[in-house]
Amino acid sequence: MNAPLVKLSGISKYFNGEKALSAIDLSISQGQIITLIGPNGAGKTTLVKIVLGLVDASEGAIYRSPDLRIGYMPQKLHIDTTLPITLERFLTLTEKSTKLCSAVLDEVGILRLLHCPLSSLSGGEMQRALLARAILRKPNFLVLDEPVQGVDVVGQEALYALISQLHDRLNCAVLMVSHDLHLVMSSTNEVICLNQHICCHGRPDQVSNNPAFIELFGDKTTAYTTYTHHHDHDHDLHGAVKNTGAADINERGCLHD
Amino acid sequence: MIDVLLYALLAGIGVAIITGPLGAFIVWRRMAYFGDTLAHSSLLGIAIALLFSIDPTLSVIVTCLMFAMILVVLQQQKNLASDTLLGILSHTSLAIGLVAMALMPDVRVDLLSLLFGDLLTVNKNDLITIYGIGLITMFLLVKLWNPLLAITIDEELARVEGVRFKAIRTAFMLIIALEIAVAMKVVGVLLITALLVIPAATARSFSKTPEQMAFFASIIGCLAVLLGLACSWYIDTPAGPSIVLCAGLLFLISLFRGNR
Chain W
1 MNAPLVKLSG ISKYFNGEKA LSAIDLSISQ GQIITLIGPN GAGKTTLVKI VLGLVDASEG
61 AIYRSPDLRI GYMPQKLHID TTLPITLERF LTLTEKSTKL CSAVLDEVGI LRLLHCPLSS
121 LSGGEMQRAL LARAILRKPN FLVLDEPVQG VDVVGQEALY ALISQLHDRL NCAVLMVSHD
181 LHLVMSSTNE VICLNQHICC HGRPDQVSNN PAFIELFGDK TTAYTTYTHH HDHDHDLHGA
241 VKNTGAADIN ERGCLHD
Chain H
258 MIDVLLYALL AGIGVAIITG PLGAFIVWRR MAYFGDTLAH SSLLGIAIAL LFSIDPTLSV
318 IVTCLMFAMI LVVLQQQKNL ASDTLLGILS HTSLAIGLVA MALMPDVRVD LLSLLFGDLL
378 TVNKNDLITI YGIGLITMFL LVKLWNPLLA ITIDEELARV EGVRFKAIRT AFMLIIALEI
438 AVAMKVVGVL LITALLVIPA ATARSFSKTP EQMAFFASII GCLAVLLGLA CSWYIDTPAG
498 PSIVLCAGLL FLISLFRGNR
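Sequences listed follow chains W and H, in order.
Take the first sequence: its letter number 129 is residue 129 in my numbering, and every next letter is one higher.
Whatever position you read off the second sequence (first residue = 1), add 257 for my numbering.
There could be a bad hint or two in this list.
To be verified - Under the rule of at most 16 Å between Cα atoms (straight-line distance), these lysine to aspartate or glutamate pairs were calculated in the EDC-like manner:
hint, chain 1, residue 1, chain 2, residue 2
1, H, LYS381, H, ASP260
2, W, LYS7, W, GLU95
3, H, LYS400, H, GLU468
4, W, LYS138, W, ASP168
5, W, LYS138, W, GLU95
6, W, LYS19, W, ASP56
7, W, LYS138, W, GLU107
8, W, LYS49, W, GLU59
9, H, LYS423, H, GLU412
10, W, LYS49, W, GLU146
11, W, LYS49, H, GLU413
12, W, LYS49, H, GLU418
13, W, LYS138, W, ASP67
14, W, LYS138, H, GLU468
15, H, LYS465, W, ASP80
16, W, LYS76, W, GLU125
17, W, LYS19, W, GLU59
18, W, LYS76, H, GLU412
19, W, LYS7, W, GLU59
20, W, LYS76, H, GLU413
21, H, LYS423, H, GLU413
22, W, LYS96, H, GLU418
23, W, LYS49, H, GLU412
24, W, LYS7, W, ASP56
25, W, LYS7, W, ASP25
26, H, LYS465, W, GLU88
27, W, LYS76, W, GLU146
Unchecked claim - Partial list, derived from the structure: chain W residues whose beta carbon lies under 10 Å from chain H:
hint, residue
28, PRO117
29, LEU118
30, ALA134
31, LYS138
If you are wondering where the hints come from, they were derived from the structure by calculation, not from laboratory data.
From the three backbone atoms N, C-alpha and C, an ideal C-beta is built for every residue, glycine too.
Full structure from sequences and hints, please.
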């Protein structure tokens, strides 16, 4: 395994005395894809911001590799309607070479929108624009906060495929906040299921069977239709043992195939 | 007599060129009220200058800058909404300035010219100050343009990309303070925000990039100065308010052009 790009040990975060995150250990190395999932208010975005250095942790230590280069894709961009800006200008904010900007836009498939106002972009196009800006810096670590937000199902597929393709080309680490465990990611993915602490982590097919995961997401599993395993049964919400430990996998009594 | 008009015109244009791009940022960052508060605080700066007989321009710059810093700190507390806080500070600072001046019996100040500007009394020294400070602010604006734009679009994204947010924000406050100190002369403390906000808002409807909007805002500002002065000259209206009125009319016309 490569040396970690970012390593969190024992990270906790309090907001006005309320615990938002506790005892998070997390290590991300080159080439790794980590997906962070969890219910609303689980602290996913807070954790991401701590990794990015935008928010200081209350406790714990963070190590960042000296050659860490982060490409960040925020959850949403709120551009004031009074600010006129084209897609091209949005990218040249960080990269002076318009040639490079065009190349990156071509890669994410929206080069034709180069001179369009940013406000005219659709949800999916906007996500691609943000992705373009993130990879423009040639990062070795991509941080994506809900990258498929506001994108229809077909678009989501395409976007995940694109992220996977970018990951392969840049050979970067990826930390992604998501609501679903996606097929495209499943081979290399590590999933961390977060609810103020790390409930469980492991490969998607392992995590999705973990009682801690099932307890969090209950029988809403229909939303996760792209799992590598098949739902041939219903999960019993009450059957799940309250297990806050790490990845104890497949100990619940639901039978898979 | 023609000197008076020429000086007034040069002074007005010198200020309007800078208030264009600066005003664009004020509009994008939704800081109109913030600018208003700082402009009001400049009256206190004048009072301080009179009290200690120091240079009024310098005093205004320092006072505005201090108010800006206080505002930034206060805005970080969450008990009061930002606009409430600004509402309190804006009018309190204006009141402090007015009271402080009233308390100095041996000082005669032309309050109206401080509040609404006195463009027709601009002299050579004023012009040197306006253009000297104008050059400094223009230099800073050009130099900081990209990072400023980046934090305006998304502060967190810019920070991740290595923009030193606090330094840039402080520099921006400095630019506002500098510009208020000179714009005071032209439109007075009560109307400075108008000169910042109206040309920028007018420029919005025919701009495609931030740079275009900043440029057009400068042009529209200059046009307003020209029209306002003409108005003042021919029908003897007060210069500062006439300029603002013309800016307002230009904005109205831009509305008919239809927003995109």
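Here is what the structure says about each hint:
Restraint check for LYS381/H and ASP260/H: satisfied, since their Cα atoms lie roughly 10 Å apart, inside the 16 Å limit. The hinted pair formed by LYS7/W and GLU95/W fails the criterion: a straight-line CA distance of about 28 Å is larger than 16 Å. Under the criterion of a C-alpha separation no larger than 16 Å, the hint pairing LYS400/H with GLU468/H is consistent with the structure, at around 14 Å. For the given pair, LYS138/W sits about 13 Å from ASP168/W by alpha-carbon distance, which is consistent with the 16 Å threshold.
Only pairs whose Cα atoms come within 16 Å are accepted, and LYS138/W paired with GLU95/W is accepted, the gap being roughly 11 Å. Between LYS19/W and ASP56/W the CA atoms are separated by roughly 14 Å; this keeps the pair inside 16 Å, and the hint holds. At roughly 13 Å between alpha-carbon atoms, LYS138/W and GLU107/W fall within 16 Å of each other, so this suggested pair holds. The straight-line distance between the Cα atoms of LYS49/W and GLU59/W is roughly 15 Å, inside the 16 Å bound, and the hint therefore holds.
Taking the CA atoms of LYS423/H and GLU412/H, the gap is near 10 Å; set against the 16 Å cutoff, the hint holds. The straight-line distance between the Cα atoms of LYS49/W and GLU146/W is roughly 13 Å, inside the 16 Å bound, and the hint therefore holds. In summary, the hint linking LYS49/W to GLU413/H is supported, as the alpha carbons are separated by about 9 Å, within the 16 Å threshold. With a C-alpha separation of about 13 Å, the suggested pairing of LYS49/W with GLU418/H holds against the 16 Å cut-off.
For the proposed pair LYS138/W and ASP67/W, the alpha carbon gap of about 12 Å is at most 16 Å, so the pair holds. With a C-alpha separation of about 27 Å, the suggested pair LYS138/W and GLU468/H falls outside the 16 Å cut-off, and the hint is violated. Restraint check for LYS465/H and ASP80/W: the C-alpha separation of about 14 Å stays at or below 16 Å, so the hint holds. Distance check on the hinted pair: LYS76/W and GLU125/W sit about 12 Å apart at the alpha-carbon level, within 16 Å; holds.
Distance restraint check for LYS19/W and GLU59/W: the Cα-Cα separation of roughly 11 Å lies within the 16 Å cut-off, and the hinted pair is therefore satisfied. Using a Cα cut-off of 16 Å, the hinted pair LYS76/W and GLU412/H holds, with the two alpha carbons roughly 12 Å apart. For the given pair, LYS7/W sits about 14 Å from GLU59/W by alpha-carbon distance, which is consistent with the 16 Å threshold. Under the criterion of a C-alpha separation no larger than 16 Å, the hint pairing LYS76/W with GLU413/H is consistent with the structure, at around 11 Å.
Taken as a hint, the LYS423/H and GLU413/H pair is honoured in the structure, with Cα atoms around 12 Å apart against an allowance of 16 Å. This hinted pair checks out: LYS96/W and GLU418/H have alpha carbons roughly 14 Å apart, not beyond 16 Å. Proposed proximity of LYS49/W and GLU412/H is supported: the alpha carbons are some 13 Å apart, at most 16 Å. The straight-line distance between the Cα atoms of LYS7/W and ASP56/W is roughly 14 Å, inside the 16 Å bound, and the hint therefore holds.
Of the pairs offered as hints, the one joining LYS7/W and ASP25/W holds, with about 8 Å between alpha carbons and a cut-off of 16 Å not exceeded. A distance of roughly 11 Å separates the Cα atoms of LYS465/H and GLU88/W; the hinted pair therefore holds under the 16 Å criterion. Between LYS76/W and GLU146/W the CA atoms are separated by roughly 9 Å; this keeps the pair inside 16 Å, and the hint holds. Nearest Cβ of chain H to the Cβ of PRO117/W: about 7 Å, under the 10 Å cut. The hint holds.
Proximity of LEU118/W to chain H holds as hinted, the smallest CB-CB distance being about 9 Å (cut-off 10 Å). With its C-beta approaching chain H no nearer than about 9 Å, ALA134/W sits inside the 10 Å limit, and its interface hint holds. Contact between LYS138/W and chain H, as hinted, is not supported at the beta carbon level, the nearest pair being about 12 Å apart and thus beyond 10 Å.
The structure is inconsistent with the numbered hints 2, 14, 31, although it conforms to all the rest.
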